[in-house]
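**Q** In case you want the letters, here they are:
Number of protein chains: 4
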Amino acid sequence: MVGGGEGSFIGAIHRMAAALDGEIELVAGCFSSDPERGRRAGAQLGLAASRTYPHYETMLETEAGLAADQRMQFVAIVTPNHLHFPIAEAALRRGFHVLCDKPAALNLEETLALKQQVDSAGGLFGLTHTYAAYPLVRQARAMVTAGELGGVRRVTVSYPQGWLADAGDTCASPQAQWRTDPQKSGESGCFGDIGTHAHHLAEHITGVDITELCADLTTYVDGRVLDDDGAVLFRMANGARGTLTASQICAGEGNDLQISVYCDLGSLAWRQETPNALVLKRRGQPAQVLKAGVNCDYLHRDARAYCRTPAGHPEGYIEAFANIYRDFARAIKHGSTAIYPSFASIDEGVRGMLFVRAVLESSRNHSTWVRLGDLVT
Amino acid sequence: MVGGGEGSFIGAIHRMAAALDGEIELVAGCFSSDPERGRRAGAQLGLAASRTYPHYETMLETEAGLAADQRMQFVAIVTPNHLHFPIAEAALRRGFHVLCDKPAALNLEETLALKQQVDSAGGLFGLTHTYAAYPLVRQARAMVTAGELGGVRRVTVSYPQGWLADAGDTCASPQAQWRTDPQKSGESGCFGDIGTHAHHLAEHITGVDITELCADLTTYVDGRVLDDDGAVLFRMANGARGTLTASQICAGEGNDLQISVYCDLGSLAWRQETPNALVLKRRGQPAQVLKAGVNCDYLHRDARAYCRTPAGHPEGYIEAFANIYRDFARAIKHGSTAIYPSFASIDEGVRGMLFVRAVLESSRNHSTWVRLGDLVT
Amino acid sequence: MVGGGEGSFIGAIHRMAAALDGEIELVAGCFSSDPERGRRAGAQLGLAASRTYPHYETMLETEAGLAADQRMQFVAIVTPNHLHFPIAEAALRRGFHVLCDKPAALNLEETLALKQQVDSAGGLFGLTHTYAAYPLVRQARAMVTAGELGGVRRVTVSYPQGWLADAGDTCASPQAQWRTDPQKSGESGCFGDIGTHAHHLAEHITGVDITELCADLTTYVDGRVLDDDGAVLFRMANGARGTLTASQICAGEGNDLQISVYCDLGSLAWRQETPNALVLKRRGQPAQVLKAGVNCDYLHRDARAYCRTPAGHPEGYIEAFANIYRDFARAIKHGSTAIYPSFASIDEGVRGMLFVRAVLESSRNHSTWVRLGDLVT
Amino acid sequence: MVGGGEGSFIGAIHRMAAALDGEIELVAGCFSSDPERGRRAGAQLGLAASRTYPHYETMLETEAGLAADQRMQFVAIVTPNHLHFPIAEAALRRGFHVLCDKPAALNLEETLALKQQVDSAGGLFGLTHTYAAYPLVRQARAMVTAGELGGVRRVTVSYPQGWLADAGDTCASPQAQWRTDPQKSGESGCFGDIGTHAHHLAEHITGVDITELCADLTTYVDGRVLDDDGAVLFRMANGARGTLTASQICAGEGNDLQISVYCDLGSLAWRQETPNALVLKRRGQPAQVLKAGVNCDYLHRDARAYCRTPAGHPEGYIEAFANIYRDFARAIKHGSTAIYPSFASIDEGVRGMLFVRAVLESSRNHSTWVRLGDLVT
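Chains as they are written, first to last, in numbering that gives the first Met the number 0: chain W, 0 to 376; chain L, 0 to 376; chain U, 0 to 376; chain P, 0 to 376.
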C-alpha cells in the first residue's frame with residue numbers, strides 16, 4: 000500500500016476492505032511522504048519494520064527483489080491524486096499489479112499515458128469506483144444492460160455533499176486541503192472528486208456512454224480555486240438524456256449519491272445512503288423494492304455474488320470496497336479481469352477524465368455542448 | 000365554473016376543493032363545449048338547469064344580469080389551455096373575479112395581454128399552482144425567504160411523470176389528447192404542463208427569480224409534436240444555480256414532483272407524494288422531519304394556517320387545492336389578495352410563460368443561455 | 000348534525016367530509032349543549048337560524064314534522080360518547096338514519112340496546128371507523144379475505160399517540176377533558192378511544208374475529224381515572240395470534256396507527272401516517288409497494304372505488320372520512336348498506352365494545368385470558 | 000474458532016468481523032464435528048494443517064501447550080447451541096478467553112453453571128448480542144440511560160423473520176435443522192434464537208430489567224416441536240410496560256428487528272434493516288433522524304467510537320459484529336471488560352435464559368404472569 004497513513008480516511012477503508020474476506024494480507028507499505036510518520040503507521044498496523052518503506056520507489060525496488068512467494072503481489076494506491084500516476088506507472092513497470100483509488104491520475108493526459116503503460120505492461124490495473132461494487136448497483140446494471148426495462152430514456156444522478164460548505168472547511172482536514180489544491184487534486188475539485196463517481200455510475204448502470212454534455216460549474220466558497228459545485232446536461236449514445244449534479248457545498252448533506260434511470264418500460268432508483276434497496280417501478284404495476292441478500296433468488300447471479308449475508312442483514316460501504324478487493328485478488332489469481340466486474344478498468348478511468356475535461360471545457364465556454372469524442376484525437 | 004365536464008380530471012378536483020371548507024357554493028356552470036354534455040354534467044352536479052349554460056359567454060352575460068346577491072361571484076376556469084385567455088378576459092371584462100387553472104394562457108403574448116386586463120379590470124385573478132398551497136411548501140418558503148438557512152446556493156427540482164410514456168397514451172384520454180395538441184396546449188407540452196409547476200415551486204420557495212437558463216428538450220414518443228421531456232440548467236438572481244427536470248415519459252412514475260433547496264446553512268427537501276413531511280438538514284445536526292398539523296407549534300404561522308388536522312392525520316392534494324379556493328374566496332370577501340398567498344398572481348403566470356418561452360428558445364439554439372429578462376422589452 | 004360546535008375537532012372533519020363530494024348538504028344542526036354557542040356555530044356555518052336547534056330532541060321533533068323533501072335525511076352524531084346512545088336512539092325512533100362517530104355508545108350494555116333499536120327501526124345506522132375507509136385498507140381487506148396470501152398467522156397492530164402524555168394535557172382541550180372523564184368517555188379511556196380503532200382494523204382487514212385476549216392496561220399520568228395506555232395479546236377464530244398496543248402517553252407521537260398482517264404466503268403492512276402506500280411482501284419476491292389511485296389497475300375494484308385522484312396525488316384523512324359519508328348517502332339512496340362497506344355496522348360497534356369490556360376484565364384479573372363470546376349470553 | 004465450517008452462516012460472519020480491523024488473526028480452529036470437513040475448512044481458510052484440529056478438546060490441549068506468544072489467545076464459539084457450554088467451560092478451564100455466539104448455553108441451568116465457571120476462571124467471557132453493537136443502538140442506550148428523555152414508559156420490540164415459514168424450510172439448511180431440534184437448540188426455538196435478541200435489546204437500550212412477563216407461544220408449522228412464533232407482554236423494574244413479538248414464520252420477512260422506546264419526553268425508534276438512522280421524536284418538536292458517523296458530533300462518545308466511516312457511508316451487520324470482536328480483543332489486551340461495552344457479559348447471558356424460561360413457563364400456564372426473579376433462588 001502506498002499512502003493511507005495518519006489522517007487518511009480512505010487508507011483505513013482500503014485496509015478494512017482488503018482484510019474482510021481473508022483472501023488478502025497487507026505485507027508491505029509506504030504510508031506517508033514523511034518517513035517517520037510512515038514508520039509509525041506501519042508499526043501500528045503490525046507490519047515488519049523491514050517492509051515499511053520510506054519511499055515508494057524503494058518499496059517497489061526492494062519488493063521486486065524478493066522471492067516470488069515472498070514479495071507483495073499488488074500495490075494499492077491511496078495517495079492524493081497527483082501521486083497516482085507516478086506510483087502506478089512505476090509499479091506496473093516493475094511488474095506489480097495496481098489497484099488505484101480513483102481518479103486514475105491528475106488529468107486526461109496522464110491517464111492516457113497510464114493507459115499506454117497498462118496496455119503494454121503485464122500487470123492488471125483496477126480503479127476503485129466503489130459505488131459500482133454495491134450488489135444492487137450490479138443488479139441495476141444487469142437489468143438495464145439486459146434490456147429488461149427497454150431502452151434508457153433519461154438518467155438523473157445527483158451527488159450532494161456538504162463537507163466543504165464553508166471557507167473554514169478548506170483547512171479542517173488534510174483531505175480537504177489537498178482536494179482543494181490544484182497541484183494535488185487536478186484541474187477540477189468537486190467534479191474530479193465526486194462528479195467522476197456520478198458519471199461512472201450513470202455509464203456503468205446503463206452500459207451506454209455519455210457522448211456530449213453542457214455544464215455549469217461554480218466555486219461558491221471564497222478563496223477556492225477549483226470548482227466546488229456544478230451541474231451538467233448530457234446526452235448518451237442511444238439518444239437518452241440526463242442531468243448530473245455534484246456539489247460539496249450543500250451544507251448538512253452527507254454522501255447522498257442517488258441515481259434514477261428511466262427506461263421505456265419502467266424505472267430504477269438507488270440511493271447510496273440506503274444501499275440495500277433498489278426501487279423498481281414498472282409501468283402499471285406496484286413499485287418493487289429489491290433487496291440485497293445471498294438468499295434473494297430474484298437477483299441476477301452477478302448481484303448475488305456480491306452479497307455476504309442474507310437479506311435483512313445490512314451490508315455497506317466497506318463491503319462494497321471489499322468486493323473490489325476480492326475481485327482484484329481473484330483476477331490476479333486467475334490472470335484475467337474478465338469475470339471480475341466490480342472494479343473499474345483503465346478505460347473507465349480514461350472516460351472519467353474525458354468527462355471532467357468536457358465539463359470544464361463546456362463550463363468555460365458558456366455551457367456549449369462538448370462532445371467527449373472530440374477531446375481525444 | 001367553465002369546463003370540467005365528463006372526462007375532466009381537474010374539474011372534479013376543483014369542485015371538491017371548492018366545497019371542502021363550506022365557504023363556496025357552485026351556482027352556475029358551463030361544463031362542456033358540447034351543450035348536451037354540459038347539461039348532463041350540470042344535472043349530475045345538482046345545478047339548476049337555468050344556470051347550466053351552453054356557452055361561457057351566455058353564462059357571463061346572464062349572470063352579470065342577475066342581482067348582486069344572486070349572481071355568481073367568481074369564475075373558475077378548468078378548460079384546456081387555449082380557452083383560458085378568452086374566458087378569463089371575458090369574465091374580467093364583465094366584472095367577475097377569475098380563478099384559473101394554470102398556465103395562465105396559451106403563450107407568453109396572451110398572458111401579457113391577460114395581465115393588462117387583470118391590471119385594468121377591477122376583478123381579482125388567481126392561478127392554481129396547487130403545489131405551492133401545501134402547508135409544508137408554505138413552511139419551506141417562510142423559512143428560506145426569512146433567511147433561516149442563509150442564502151440559497153442550489154436548487155434541484157425534478158418532476159417525472161409516466162402517463163404519456165407511449166404512443167398509445169396520446170389517445171388514451173381526452174386529457175392526453177389536448178395536452179399533446181399545440182392548438183390546445185400551447186407551444187410546449189411537458190414544460191407547459193408540469194415544467195411550469197416545477198419552475199413555480201423553485202421561485203416560490205426561494206423567493207428568488209430564475210434569471211437565465213439553458214435547456215435541452217426532447218420528444219421521445221413518435222408522432223408527437225410537442226416536447227414530452229427535458230431538463231434545464233438555471234441561474235438565479237442571487238447567484239444560486241439549479242437544475243429542473245420535467246418529463247411525462249418516465250414509465251412507471253406517478254406524480255413524483257420533488258425539490259431540494261440547498262442553502263448556506265442547510266437544506267430543505269420536499270416530495271409531493273409524501274407531502275406531510277419536510278426534511279430539514281442543518282449543518283452538523285441531525286436531520287429534522289417537520290410535519291404538517293394545526294398543532295405543530297414549530298411551524299410558521301403561514302404554514303399552520305393551511306392545515307386542517309393535527310399532525311398524523313394526513314392531508315393531501317385536494318386539501319392543497321382547497322387552500323387556494325378558500326384563500327380566493329376570502330380575498331374576494333376582503334377585496335384584497337394581500338394576505339392570501341396560496342394562489343398565484345398573474346405576475347407569477349407571466350413568469351411561468353417567460354420560463355416556457357426561454358426553455359423553448361434555448362433548446363432550439365443548442366442550449367445556449369437565455370435570459371428571461373430579454374424576452375420582454 | 001348533533002355536536003361539533005366550537006372547540007370540536009371531529010365536527011369540522013365530519014362537515015368537510017360530508018361536503019367533499021357534493022352529495023350531502025348540511026341542513027340542520029344542534030351544535031352545542033349550550034344553545035347560545037350552538038346558535039353561533041350554526042350562523043358561522045351559514046345555516047338558517049330556524050334550523051339551528053337548541054336541543055337535539057327539538058331538532059328531531061321539528062325536522063320530523065317537515066315535509067319529506069324538506070327535512071334532514073340523516074343525523075350525524077359527533078358528540079362526546081355519553082350522548083351517542085340517547086341521540087342515536089331518539090333519531091332512529093323518529094325514523095332518521097344515523098351516522099355516528101365511534102364508539103357506538105358508552106359501554107357494551109348501551110350498545111346492545113342500540114343494536115336492538117337499529118334492528119327494529121327502519122333507519123340505517125353507520126359508525127365512522129375512519130381508518131377502514133382508506134383505499135389501501137380496503138385493498139388489504141380484499142386481498143386477505145380473498146385468501147391471496149393464504150391464512151392469517153399473526154397480526155401486529157399498534158396505535159401510539161402522545162397528546163395525553165402529561166398531567167397538564169388533561170385540561171388542555173375540551174377533547175382531552177371529556178375523553179378522560181368516565182362519565183362522558185365510558186369505562187375505558189385510551190382503549191375506548193383508539194384501542195377500538197386498532198381492534199376494528201385488525202378484524203376488518205383479516206375478516207377474522209378476535210376470540211380471546213389477555214390485556215395489561217395502565218394509567219401513567221397521575222390523577223387520571225381511566226387507562227391511558229395498554230397492550231393486549233389476542234387469538235383469532237382461525238388460530239392466528241396477535242398483539243395490539245394503544246397508548247395516548249407516548250410523548251412526541253402523533254397518530255401513528257400501523258398494522259402488519261402476516262399470512263402463510265406473505266405479509267401486508269399499512270401505516271396511517273403514510274396512507275397511500277401498502278407494503279406487500281410475498282415470500283421469495285421483492286417487496287411491493289401498492290399505491291392508491293383511480294388509475295391503479297392492480298388494485299381491487301373495491302379499493303379503487305374509494306380513490307378520487309390518480310396515483311401520486313395524495314389523498315388523506317378527510318377523504319377517508321368522505322368515503323364513509325358518500326357511502327352512507329348512497330346507502331340511504333338505495334335503501335341498503337349491502338354494497339357500501341366503508342362505514343361500520345352496529346354489529347361492528349358491538350364487537351368494539353365487547354373488545355373493550357374484555358380488555359378491562361382481563362386487565363383487572365391479572366391478564367387472564369377472556370373469551371369475547373363469554374361476555375354476552 | 001470452534002464451529003463455522005461448510006454450511007455455517009454465522010462462522011463466516013465471525014471471521015469477517017474478526018478480520019475487519021486488523022487486530023485479530025485466526026490462528027487455529029476446529030471447524031466441524033467431522034474431522035475431514037474441518038480439515039477442508041481450515042485449508043480453505045489458509046490455516047496451517049497443524050492448527051486445524053479434529054476436536055475442540057485436542058485444540059484446547061495442544062494450544063495450551065504452546066508458548067504464550069504462539070498460542071491462540073481466545074476461542075470463538077460458533078457451533079450450535081448445545082456445544083456452547085462444554086466448549087466454553089473447557090476453554091475457560093484451560094485458561095482461554097471465550098467469545099461465544101448467543102445464547103450462552105442450552106438452557107438456564109447450563110448458563111448458571113457457565114457463570115460459575117466464568118466467575119471463578121481468570122478468562123474473559125463475551126456473548127455476541129450483535130444488535131447491541133450497532134452505533135445507533137449504543138446512542139439510544141446512552142440517551143435513555145442518561146435520562147435525556149425522562150423515564151421509560153413503554154417498549155415495543157418486534158422481530159419477524161420468515162425463513163422457517165413452511166414445513167419444507169425445516170430441512171432446507173443445516174441452520175434450520177439444528178435450530179428446530181431441541182437437542183441442539185435448547186428448550187425454545189424462536190424465542191431462544193431471536194426472542195433473546197429482542198429481549199437483550201429492550202433491556203440494553205433502556206438499562207431497565209424486565210421483571211415479569213406473560214407469554215403466548217405457538218408452533219405454526221406442522222411437525223415442529225419447538226415454538227416458531229410468539230408474543231409477550233412485559234413489565235419492567237421501573238414500572239414501564241412493553242410487548243415483545245418474535246416469529247420465524249412470517250413469510251416474506253427478512254430480519255426486521257425493530258424497537259421503539261417511549262419515554263416521558265419523547266421516543267426513540269430503531270430498525271435493524273436500516274441501522275444507520277435513529278428516529279428521535281421529542282414532544283412538540285420535529286422528529287430528528289440521527290445518523291451514524293465518525294463525524295457526527297451530536298452523537299454520544301460511546302456511539303461515535305463504534306463508527307468507522309463518516310455519515311453517509313453506510314456500515315452494517317458485519318461492522319456491528321466487528322465492534323464486538325474489536326472490543327473483546329482490547330478487553331483482553333487491557334485485562335478488563337470495563338470500558339468495552341459492545342459484547343454481552345455472562346450475566347446478560349443468564350438474563351436471556353431467564354427470559355426464555357419465563358416465556359416458556361408463562362405460555363404453558365395460560366399466559367399467567369411469571370416473575371423472572373422467581374426462577375432463580
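Check each hint, because a few of them may be wrong.
Residues from chain U that face chain P, not an exhaustive set, calculated with beta carbons under 7 Å [to be verified]:
{"no.": "1", "residue": "L232"}
{"no.": "2", "residue": "A236"}
{"no.": "3", "residue": "N237"}
{"no.": "4", "residue": "R240"}
{"no.": "5", "residue": "G265"}
{"no.": "6", "residue": "R363"}
{"no.": "7", "residue": "N364"}
Here are a few chain U residues that sit away from chain L, every Cβ distance over 12 Å (derived from the structure) [as the list claims (entries may be wrong)]:
{"no.": "8", "residue": "A89"}
{"no.": "9", "residue": "G292"}
{"no.": "10", "residue": "A319"}
Calculated Cβ distances over 10 Å to all of chain L for the following chain W residues [what the hints assert, rightly or not]:
{"no.": "11", "residue": "D208"}
{"no.": "12", "residue": "D228"}
{"no.": "13", "residue": "H365"}
Calculated directly from the structure, the hints in this document are not laboratory data.
Note that the structure is a prediction, hence the values are computed from the model and not measured.
Note that beta-carbon positions come from the ideal geometry of N, C-alpha and C, so glycine has one too.
**Q** Each hint needs a verdict: does it hold in this structure or not?
**A** We went through each hint and held it up to the structure:
1. L232: Constraint on U:L232 satisfied, holds at 5 Å.
2. A236: violated, 15 Å
3. N237: Check failed: Cβ of U:N237 comes no nearer than 12 Å to chain P, outside 7 Å.
4. R240: At about 6 Å, which falls below the 7 Å cut-off, the nearest Cβ of chain P leaves the hint on U:R240 intact, so it holds.
5. G265: holds, 4 Å
6. R363: Violated, about 14 Å.
7. N364: Cβ of U:N364 sits 11 Å from chain P, so the hint is violated.
8. A89: Given a closest Cβ separation of 26 Å, the condition holds.
9. G292: Non-interface label fails for U:G292: nearest chain L Cβ at 7 Å, not farther than 12 Å.
10. A319: Answer for U:A319: violated, closest chain L Cβ roughly 9 Å.
11. D208: Holds: least Cβ distance 17 Å, greater than 10 Å.
12. D228: violated, 6 Å
13. H365: violated, 6 Å
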